[in-house]
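2 is the number of the first residue of the sequence shown in my numbering; add one for each residue after it.
To be clear, the hints were calculated from the coordinates, so they are not data collected in a lab.
Nothing here was measured: the structure is a model prediction, and the numbers come from that model.
A virtual CB, placed ideally from N, CA and C, is assigned to each residue, including glycine.
Heads up, some of the hints might be wrong.
Calculated cross-link-like contacts (lysine to aspartate or glutamate; reagent style EDC-like; alpha-carbon spacing at most 16 Å) [claimed, not checked]:
no., residue 1, residue 2
1, Lys55, Glu68
2, Lys48, Asp61
3, Lys55, Glu23
4, Lys48, Glu36
5, Lys53, Glu32
6, Lys55, Asp27
7, Lys48, Glu34
Now the in silico label distances, taken between C-beta atoms and shown as ranges [unchecked claim]:
no., residue 1, residue 2, range
8, Ile60, Arg30, 15 to 21 Å
9, Gly45, Gly18, 28 to 34 Å
10, Asn70, Leu43, 26 to 32 Å
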Amino acid sequence: MNVELDMCLITVYIDSGAGQKEFMRDIARLEAEAEGFSLIDLFGTRKSVRGKLKRIDFIDQHTVVLEQNCDKSNPCMSGKVKKSP
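Let the sequences and hints guide you as you build the complete structure.
Here it is, written out as structure tokens:
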């Protein structure tokens with residue numbers, strides 16, 4: 002029995018209450034951090050984002066939706082973008 006597995010990369014969307022906005026695509030790894038998540042794409046670029054998990058779609062769209070409650074005194078995007086080793 003031969004089984005083929007397709008590589009499934011995900012796209013992360015941020016839901017800030019005013020709608021969803023694409024944050025990052027072609028993500029190969031999502032790691033939980035103390036106050037959010039670290040996202041690593043297929044090429045090793047890493048971004049950190051604050052928020053909580055709202056929804057994961059493994060079947061149709063391969064998406065993750067993170068929910069954020071942010072304002073100027075509580076920014077959600079850390080601005081960290083770096084290549085992973």
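Status of each hint after checking the structure:
1. At roughly 6 Å between alpha-carbon atoms, Lys55 and Glu68 fall within 16 Å of each other, so this suggested pair holds.
2. Proposed proximity of Lys48 and Asp61 is contradicted: the alpha carbons are some 24 Å apart, above 16 Å.
3. Between Lys55 and Glu23 the alpha-carbon distance is near 14 Å, which keeps this suggested pair within the 16 Å criterion.
4. Restraint check for Lys48 and Glu36: the C-alpha separation of about 13 Å stays at or below 16 Å, so the hint holds.
5. Between the alpha carbons of Lys53 and Glu32 the distance comes to roughly 12 Å, so the proposed pair stays at or under 16 Å and holds.
6. Among the hinted pairs, Lys55 with Asp27 is inconsistent with the structure: their alpha-carbon atoms are about 19 Å apart, more than 16 Å.
7. A C-alpha spacing of about 12 Å is found between Lys48 and Glu34, which places the hinted pair at or below 16 Å, so the restraint holds.
8. Checked against the hint of 15 to 21 Å, the C-beta distance between Ile60 and Arg30 comes to roughly 20 Å, which is consistent with it.
9. The given range of 28 to 34 Å is respected by Gly45 and Gly18, whose C-beta atoms sit roughly 32 Å from each other.
10. The hinted range of 26 to 32 Å is satisfied by Asn70 and Leu43, whose Cβ atoms lie roughly 30 Å apart.
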